[in-house]
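*Asks:* So the protein lines, in turn, are chains X and C. Quick note: the first sequence uses my numbering, first residue 20, plus one each step. Quick note: the second sequence uses my numbering, first residue 67, plus one each step.
FYI, nobody ran anything at the bench for these hints, they're computed from the structure. Since the structure is predicted, the reported quantities are computational estimates derived from the model, not experimental observations. All C-beta atoms, glycine included, are put in the ideal place defined by N, C-alpha and C. Please note that the accuracy of each hint is not assured.
[Unchecked claim] Distance windows between CB atoms, simulated:
#1 C:Pro278 to X:Ala162: 49 to 55 Å
#2 X:Asp147 to C:Gly165: 53 to 59 Å
#3 X:Gly49 to C:Asp291: 22 to 28 Å
#4 X:Ala78 to C:Gln205: 34 to 40 Å
#5 X:Tyr39 to C:His304: 35 to 41 Å
#6 C:Asp158 to X:Pro149: 51 to 57 Å
#7 C:Tyr302 to X:Gly121: 48 to 54 Å
#8 C:Gly165 to X:Ala47: 33 to 39 Å
[Stated by the list, open to error] Facing chain X, from chain C, some residues (calculated, C-beta under 8 Å):
#9 His150
#10 Arg267
#11 Leu282
[Said to hold, decoys possible] Straight-line alpha carbon distances no greater than 16 Å define the calculated EDC-like cross-link-like pairs of lysine to aspartate or glutamate that follow:
#12 X:Lys199 to C:Glu303
#13 X:Lys199 to C:Asp136
#14 C:Lys130 to X:Asp163
#15 X:Lys199 to C:Asp182
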Amino acid sequence: MPERTPGQTVGPFFHYALPYDGDRELVAPGTGIRLHGIVYDGAGSPVPDALIEIRQADAAGVVPVVPGSLVRNGVFTGWGRCATDRVGEYWFSTVEPGAVDGGAPFFAVTVFARGLLDRLFTRIYVPDHPALTNDRLLASLDADDRARLIATRGADGSLQLDLHLQGDNQSVFLTYPGHK
Amino acid sequence: MADAARGGDDWLVNEPVAPELAQEQISAEIAAAHAGPGGVRVEPSGPALDFAPYRSSLLRFPTKDLRQADPEGAELLAPVFGEHDVDPLEADLTIQAGGEPLGERILVAGRVLDGDGRPVRDQLVEIWQANASGRYIHQRDQHPAPIDPNFTGVGRCLTDADGNYSFTTIKPGPYPWRNHRNAWRPAHIHFSLFGTDFTQRLVTQMYFPGDPLFGLDPIFQSISDPAARERLIATYEHDLSQHEWLLGYRWDIVLTGSHATPLEDEDHA
């Protein structure tokens, strides 16, 4: 087995390299839903230099494996990227993911930031879905941590979840068997 | 937030200014952290997220345990990218601005492998870096070294069928930062990588052999295992150098393990 390459922080200078036109628009704005939230540090201050990436299924529960995320061509690729703004907010224009193989629908999320030495993984679950009660990860958590992984639906259909890197409200961050 | 007085894009707050904090203090903290018990890590050989000598980490690392999850759904499939997404010319950072950039022209090449040693094919690699003087194009870089109008320091490519990537660029310079007094980052190139699973996503930094700043740098030293740190350092490879043109460096990258079964792997090949 080859020895693994360690991660390093994304640093402060990624803004001219990683963001690109249409990075957060998995679908054209106004045609789908808005997924958004604010990234906070352990003092409760917004993090204006984080980068959030999402990976998701389409509305029918199919995870697309098609190119076209960097040069959007009207095809739904199920992947997007958003640097937080001056008030720490991220947003995506996307569709609500459907259930994959009957599981609770969620956005897979990666978090990068200056000051964060390695990337973090988490999930943002779609609220009010019947499969939430069967989800293994959610079932392993207490009620407070469960709530920290499930988005809130706004009156306009948008989904909102803040991410807390540290503190009492810290988000639930994940490792996977392949990380061992 | 001392940057607020500088004007411009104030919200892109730079590292905290700590002019009174000596390198000796940071070096002592690094040694103590290496001697201490563990740290908060996503992977066993990865950087400690709670590495206090890197002052910007203090409020940005998780204090609660990471949770073990079995990947499912979208986590099992990385995004894919195609020729439509990436222009092959983006792999040459010396031809992007109309003129020749200043500095030492280099080739950086290697392979992207998954945790089982399989090549990661046709996948996106993104890089960004300072110019030969140690200056980023980024507006928040206040280092008074010259900007090179012929160098943006941004590149992309797709790996080939064997997982190989290759960039032609300029060797970046080291640069000062504000972690502590007289703090300097060793020369490095930022790399952004994808595997075949979403869970294999990685952002890291590649360094150059023999850099005298390695021992002093809290970001590099956030990896406590010396052998793991070595894996971030490229090797000079004379066979990659080109006669009267450039110097060649090799750097292979190994991602975490894929969760796909061999059958699924065949399906996606």
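*Asks:* Against this structure, judge whether each hint is valid.
*Replies:* Evaluation of the provided hints:
For C:Pro278 paired with X:Ala162, a C-beta distance near 53 Å keeps the hint of 49 to 55 Å intact. Roughly 57 Å separates the CB atoms of X:Asp147 and C:Gly165, a value that falls within the hinted 53 to 59 Å. X:Gly49 and C:Asp291 have their C-beta atoms about 49 Å apart, which leaves the hinted 22 to 28 Å range violated. Restraint check, X:Ala78 to C:Gln205: a C-beta distance of roughly 39 Å satisfies the suggested window 34 to 40 Å.
For the pair X:Tyr39 and C:His304, the beta carbons lie near 36 Å from each other, so the given range of 35 to 41 Å is met. Checking the proposed 51 to 57 Å range against C:Asp158 and X:Pro149 shows it holds: the Cβ atoms sit about 52 Å from each other. The hint said 48 to 54 Å for the Cβ distance between C:Tyr302 and X:Gly121, and at roughly 53 Å that hint holds. Distance hint check: the CB atoms of C:Gly165 and X:Ala47 are about 38 Å apart, consistent with the given range 33 to 39 Å.
The restraint placing C:His150 at the interface with chain X holds, with a minimum CB-CB distance near 6 Å, inside the 8 Å limit. Evaluation of the C:Arg267 hint against chain X yields a held restraint, the C-beta minimum of about 5 Å falling below 8 Å. For the restraint placing C:Leu282 at the interface with chain X, the shortest Cβ-Cβ distance is roughly 16 Å, beyond the 8 Å limit, so the hint is violated. With a C-alpha separation of about 31 Å, the suggested pair X:Lys199 and C:Glu303 falls outside the 16 Å cut-off, and the hint is violated.
This hinted pair checks out: X:Lys199 and C:Asp136 have alpha carbons roughly 12 Å apart, not beyond 16 Å. Restraint check: the Cα-Cα separation between C:Lys130 and X:Asp163 comes to about 13 Å, which is no more than 16 Å; the hinted pair holds. Distance hint between X:Lys199 and C:Asp182 is fulfilled; the C-alpha atoms sit about 13 Å from each other, no more than 16 Å.
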